[in-house]
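Q: Letter by letter, the chains look like this.
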Amino acid sequence: MPVLTVNGRRHDLAISDDVPLLYVLRNDLHLNGPKFGCGLAQCGACTVLIDGEPTRSCITPAGSVSDRAITTLEGLGTPEKPHRLQQAFIDEQAAQCGYCSNGMIMRAKALLDSKPNPNAADVKQALDDNLCRCGAHQRIVRAVLRAAQGA
Amino acid sequence: MNAPFTPSRRDFLAAGGSLAVAFTVPALAQAPAGAPRLPGDLQTNRKLSMWLRIEAGGKVRLLVGKVEIGQGALTAVQQICADELCVDFDRIVLTSGDTELVPNEGATAGSLSMPGCGTAVRHAAADARQILVKLAAEKWQVDATKLDVEDGTIRGDGKAISYWDLVSGQELEIEATGQGPLRPQDKRRYIGKSHARIDLPAKMTGQAIFVQDLRPQGMVHGRVVRLPAYGASLQSADTGAIEKLPGVLKVVRDGSFLGVIAEREEQAIAAADALREAARWTLLKGQPTSETVYDWLLAQVPQDILIKDQPRKERSAAVATVEAEYRRPYQMHGSIGPSCALATFGSDGVMMIQTHSQSVFETRNAIAMLVGIAPQKVRCQHVQGSGCYGHNGADDVAADAALLARAFPGRPVRVQWMRHDEHKWEPYGSAMVTRVKAGLDGDGNVLDWDYQLWSTSHLTRPNNNAGNLLAGGVLAKAFPLPTPVNIGGPNYAADRNAIPMYEFPGQKVTTHFITSFAARASSTRALGAYANVFSIESFMDELAHRAKADPVEYRLRSLKNERARAVLQKTADMFGWSTWKKQPNHGRGIAYAMYKNVATYCAVAIEVEVDRGSGQIKVLRAVSANDAGEIVSPDGVKNQIEGGIVQSLSWSLKEAVRFDDSGVLSEDWLSYPILTFIEVPEIEVELIDRPGQPFLGAGEASQGPTGAALANAVFDAIGVRYRELPLTPERVKRVL
Numbered sequence: 001m002p003v004l005t006v007n008g009r010r011h012d013l014a015i016s017d018d019v020p021l022l023y024v025l026r027n028d029l030h031l032n033g034p035k036f037g038c039g040l041a042q043c044g045a046c047t048v049l050i051d052g053e054p055t056r057s058c059i060t061p062a063g064s065v066s067d068r069a070i071t072t073l074e075g076l077g078t079p080e081k082p083h084r085l086q087q088a089f090i091d092e093q094a095a096q097c098g099y100c101s102n103g104m105i106m107r108a109k110a111l112l113d114s115k116p117n118p119n120a121a122d123v124k125q126a127l128d129d130n131l132c133r134c135g136a137h138q139r140i141v142r143a144v145l146r147a148a149q150g151a
Numbered sequence: 001m002n003a004p005f006t007p008s009r010r011d012f013l014a015a016g017g018s019l020a021v022a023f024t025v026p027a028l029a030q031a032p033a034g035a036p037r038l039p040g041d042l043q044t045n046r047k048l049s050m051w052l053r054i055e056a057g058g059k060v061r062l063l064v065g066k067v068e069i070g071q072g073a074l075t076a077v078q079q080i081c082a083d084e085l086c087v088d089f090d091r092i093v094l095t096s097g098d099t100e101l102v103p104n105e106g107a108t109a110g111s112l113s114m115p116g117c118g119t120a121v122r123h124a125a126a127d128a129r130q131i132l133v134k135l136a137a138e139k140w141q142v143d144a145t146k147l148d149v150e151d152g153t154i155r156g157d158g159k160a161i162s163y164w165d166l167v168s169g170q171e172l173e174i175e176a177t178g179q180g181p182l183r184p185q186d187k188r189r190y191i192g193k194s195h196a197r198i199d200l201p202a203k204m205t206g207q208a209i210f211v212q213d214l215r216p217q218g219m220v221h222g223r224v225v226r227l228p229a230y231g232a233s234l235q236s237a238d239t240g241a242i243e244k245l246p247g248v249l250k251v252v253r254d255g256s257f258l259g260v261i262a263e264r265e266e267q268a269i270a271a272a273d274a275l276r277e278a279a280r281w282t283l284l285k286g287q288p289t290s291e292t293v294y295d296w297l298l299a300q301v302p303q304d305i306l307i308k309d310q311p312r313k314e315r316s317a318a319v320a321t322v323e324a325e326y327r328r329p330y331q332m333h334g335s336i337g338p339s340c341a342l343a344t345f346g347s348d349g350v351m352m353i354q355t356h357s358q359s360v361f362e363t364r365n366a367i368a369m370l371v372g373i374a375p376q377k378v379r380c381q382h383v384q385g386s387g388c389y390g391h392n393g394a395d396d397v398a399a400d401a402a403l404l405a406r407a408f409p410g411r412p413v414r415v416q417w418m419r420h421d422e423h424k425w426e427p428y429g430s431a432m433v434t435r436v437k438a439g440l441d442g443d444g445n446v447l448d449w450d451y452q453l454w455s456t457s458h459l460t461r462p463n464n465n466a467g468n469l470l471a472g473g474v475l476a477k478a479f480p481l482p483t484p485v486n487i488g489g490p491n492y493a494a495d496r497n498a499i500p501m502y503e504f505p506g507q508k509v510t511t512h513f514i515t516s517f518a519a520r521a522s523s524t525r526a527l528g529a530y531a532n533v534f535s536i537e538s539f540m541d542e543l544a545h546r547a548k549a550d551p552v553e554y555r556l557r558s559l560k561n562e563r564a565r566a567v568l569q570k571t572a573d574m575f576g577w578s579t580w581k582k583q584p585n586h587g588r589g590i591a592y593a594m595y596k597n598v599a600t601y602c603a604v605a606i607e608v609e610v611d612r613g614s615g616q617i618k619v620l621r622a623v624s625a626n627d628a629g630e631i632v633s634p635d636g637v638k639n640q641i642e643g644g645i646v647q648s649l650s651w652s653l654k655e656a657v658r659f660d661d662s663g664v665l666s667e668d669w670l671s672y673p674i675l676t677f678i679e680v681p682e683i684e685v686e687l688i689d690r691p692g693q694p695f696l697g698a699g700e701a702s703q704g705p706t707g708a709a710l711a712n713a714v715f716d717a718i719g720v721r722y723r724e725l726p727l728t729p730e731r732v733k734r735v736l
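Chains as they are written, first to last, in the numbering used here: chain A, 1 to 151; chain B, 1 to 736.
I should point out that these hints are in silico values taken from the structure, not numbers from a laboratory. One or more hints might be untrue.
Claimed, not checked - The calculated label-pair distances, taken between Cβ atoms and stated as ranges, are:
(1) Arg68(A) to Ile487(B): 52 to 60 Å
(2) Val598(B) to Leu40(A): 56 to 64 Å
(3) Leu29(A) to Thr282(B): 23 to 31 Å
(4) Ala241(B) to Leu29(A): 42 to 50 Å
(5) Leu306(B) to Ile59(A): 49 to 57 Å
(6) Asp273(B) to His30(A): 53 to 61 Å
(7) Lys477(B) to Gly8(A): 34 to 42 Å
(8) Asn119(A) to Asp309(B): 36 to 44 Å
(9) Ile59(A) to Arg612(B): 45 to 53 Å
To be verified - Not the full set, but computed from the structure, chain A residues with beta-carbon under 7 Å of chain B:
(10) Tyr23
(11) Ala41
(12) Gly63
(13) Glu74
(14) Lys81
(15) Gly98
(16) Leu112
(17) Gly150
No residue lacks a Cβ here, since even glycine has one placed at the ideal position from N, Cα and C.
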């Protein structure tokens with residue numbers, strides 16, 4: 001049975017190891033950041049960080065990430081104290097519906113952790129496997145660059 | 001904007017407590033005969049109490065029937081309310097899309113939130129402010145015109161009183177007049193200024209704001225096994241083994257409707273997969289496929305509707321006639337989050353549904369019919385979902401949840417569609433064929449314009465009828481799909497934007513409306529306007545080229561409306577049209593339309609580079625000028641236009657639903673790819689504000705012009721005219 005460390009807190013879970021991490025985060029830990037988008041690792045809406053690596057939680061068995069550091073959108077900041085990426089997405093109004101935003105922010109977090117001063121091409125490259133249907137791409141790129149500058 | 005599980009209407013109204021329930025009056029569905037025409041959706045929801053209440057704690061309750069579908073419209077509506085009622089923005093508490101609580105404004109669709117809801121709220125708030133000021137004037141025995149309001153406090157004659165003190169303990173039964181004076185422009189604090197979206201902080205930090213995020217006590221998970229293909233029927237399904245799977249609470253079978261309910265989500269998914277394996281189906285053979293759909297469209301016996309017939313008075317013969325045919329495939333809404341709903345069938349016999357439906361009232365009635373419950377016993381509450389871009393799976397999944405909840409009373413049943421459910425079963429934007437023929441004079445100008453379009457319906461929304469719900473057609477006691485009607489008059493659905501905005505002397509426009517379906521289809525952002533504007537604006541480009549005229553100058557010859565001319569010229573200026581230098585394999589294209597012929601004026605110019613080897617089109621940049629009437633939130637409008645350009649580029653470059661006898665083959669993002677970050681060009685949007693003019697609605701304006709501007713730019717780049725969408729590398733290469 002998986003023992004998950006999510007946003008710094010340890011959870012012993014009475015579930016089977018093969019349950020996709022996404023459902024554990026959402027349904028057992030009541031987190032909303034990671035979203036179900038495709039269940040196929042094609043869209044990125046479910047992205048979380050595992051030891052800092054952006055990971056598609058929809059195809060990741062919960063048991064495979066026991067004792068690793070899992071970070072979700074909630075682990076970055078709160079409405080009262082948002083992370084600079086979250087604040088930059090708000091400042092740039094970098095969304096329409098906001099369903100994909102979790103994946104965008106988490107993927108961008110990993111980018112900025114490894115490359116603090118990316119250019120627009122770096123950001124587009126990093127986010128190219130994350131799908132947005134509303135067409136907020138240009139704003140999302142601006143938000144990530146803004147967050148980088150504000151660091 | 002709703003907190004889930006809001007109380008009953010009685011409790012809700014009582015929440016104002018002893019302080020104030022202003023403007024209370026029971027709902028009135030229809031305008032009485034002879035009643036004056038009221039602005040926007042006040043016409044059908046005439047009592048101020050339906051829209052506004054002065055509430056305890058210095059708050060104002062704003063109730064609206066339109067809902068937030070990810071476009072920011074409700075933030076703009078709240079801006080309007082704050083300005084016209086003269087209260088701080090943050091005093092307003094918004095309730096939207098709850099069938100027990102809000103005015104029925106019909107579907108949140110057709111770029112009508114600002115013209116319908118925004119206009120209504122503007123005048124309701126202005127009326128309310130006038131009434132409140134008049135009350136203060138009477139109380140103080142002073143001239144009301146000497147009083148002014150600031151953040152809900154009325155001042156004048158050395159006195160001050162707040163709305164909340166003024167209406168304490170009173171009830172006012174008042175019908176809107178639409179005559180309350182609007183705040184002068186120099187006193188507005190919110191209208192015309194970009195306001196941060198009210199929903200984004202929650203969305204960016206993982207708060208429970210989507211319907212997908214609701215987790216009421218005792219919730220269970222449902223999944224539905226859909227048919228493998230259109231028209232299939234269930235022969236048999238051995239459900240015994242499925243019922244024994246871990247966590248499974250119930251297997252529901254009703255005709256060809258198959259569903260499972262389980263304690264945990266992954267258990268429901270596993271059980272649905274097993275049930276799909278266990279099911280045996282009868283498939284229909286010989287159905288139209290995505291390969292044969294254009295022939296199929298032309299072979300049907302359509303309803304022929306002449307929507308414009310303007311014979312040319314002067315009878316000189318045309319010196320030349322040119323014609324062309326254009327095609328648009330089935331394309332999907334493609335929401336990133338599959339549709340989701342919760343339904344709870346309570347011991348009181350009430351079916352409570354949380355849904356991201358665009359049409360809570362009509363969907364409530366359709367679901368009531370589906371599950372055999374009186375409409376008063378079904379309550380739909382809107383909670384936001386993933387962007388829908390029209391009629392996606394929202395209503396169908398709510399119906400699925402209600403059917404499962406009926407079979408499993410007492411516990412909330414959450415159903416979220418899987419990716420393949422959404423891809424294969426949402427109602428697509430209809431494939432269309434258009435043919436345009438022009439008789440020209442010696443200068444290449446149009447004398448006679450003859451336009452025809454072939455399309456299936458773009459309107460199969462729930463519309464109070466269970467037959468429009470996906471599950472309705474497959475139950476043992478099936479509800480038949482109603483025969484579609486091309487309602488709404490010319491320029492409404494399939495023929496949206498089919499009547500050209502150019503002042504050609506002779507004009508004939510015919511809709512060939514097909515009442516059957518090759519694939520499930522309904523309202524997809526811009527409806528027929530996408531194909532019609534693509535066709536008209538591609539053909540205008542062809543005509544300009546034939547006349548050896550500049551495409552901007554050629555359009556201006558017959559485009560007389562000043563506001564239309566202004567956006568076209570501004571777009572050309574933004575692009576640098578007059579100074580642009582052509583490079584090999586680079587091209588520029590421009591296109592214009594006034595959405596629905598009554599909404600936002602939008603022009604788009606695009607520069608592309610085409611790789612002749614691969615057929616790959618690289619969109620380098622797009623610019624767009626827009627006139628949406630009076631602008632409430634400039635950044636909100638820009639976001640819509642910008643997003644529309646990206647989405648239309650995705651449709652136009654990549655998207656076509658594939659299907660055959662075995663079913664829909666476009667079942668995920670690999671088999672139905674959409675535009676990604678690297679492919680999205682730089683986009684610049686500018687607005688021409690028209691203070692004092694009506695709100696025009698901008699949510700769908702850029703879809704049509706973008707497709708045509710793209711094809712025109714590709715023609716300019718490589719001299720090949722592509723008349724069939726999408727412009728995939730394979731299609732481009734095939735002709736090169």
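Q: Evaluate each hint against the coordinates.
A: How the hints compare with the structure:
| no. | hint | verdict |
| --- | --- | --- |
| 1 | Arg68(A) to Ile487(B): 52 to 60 Å | holds (57 Å) |
| 2 | Val598(B) to Leu40(A): 56 to 64 Å | violated (42 Å) |
| 3 | Leu29(A) to Thr282(B): 23 to 31 Å | violated (44 Å) |
| 4 | Ala241(B) to Leu29(A): 42 to 50 Å | violated (32 Å) |
| 5 | Leu306(B) to Ile59(A): 49 to 57 Å | holds (54 Å) |
| 6 | Asp273(B) to His30(A): 53 to 61 Å | violated (26 Å) |
| 7 | Lys477(B) to Gly8(A): 34 to 42 Å | violated (54 Å) |
| 8 | Asn119(A) to Asp309(B): 36 to 44 Å | violated (57 Å) |
| 9 | Ile59(A) to Arg612(B): 45 to 53 Å | violated (39 Å) |
| 10 | Tyr23 | holds (5 Å) |
| 11 | Ala41 | violated (10 Å) |
| 12 | Gly63 | violated (13 Å) |
| 13 | Glu74 | holds (4 Å) |
| 14 | Lys81 | violated (9 Å) |
| 15 | Gly98 | holds (3 Å) |
| 16 | Leu112 | violated (16 Å) |
| 17 | Gly150 | violated (15 Å) |
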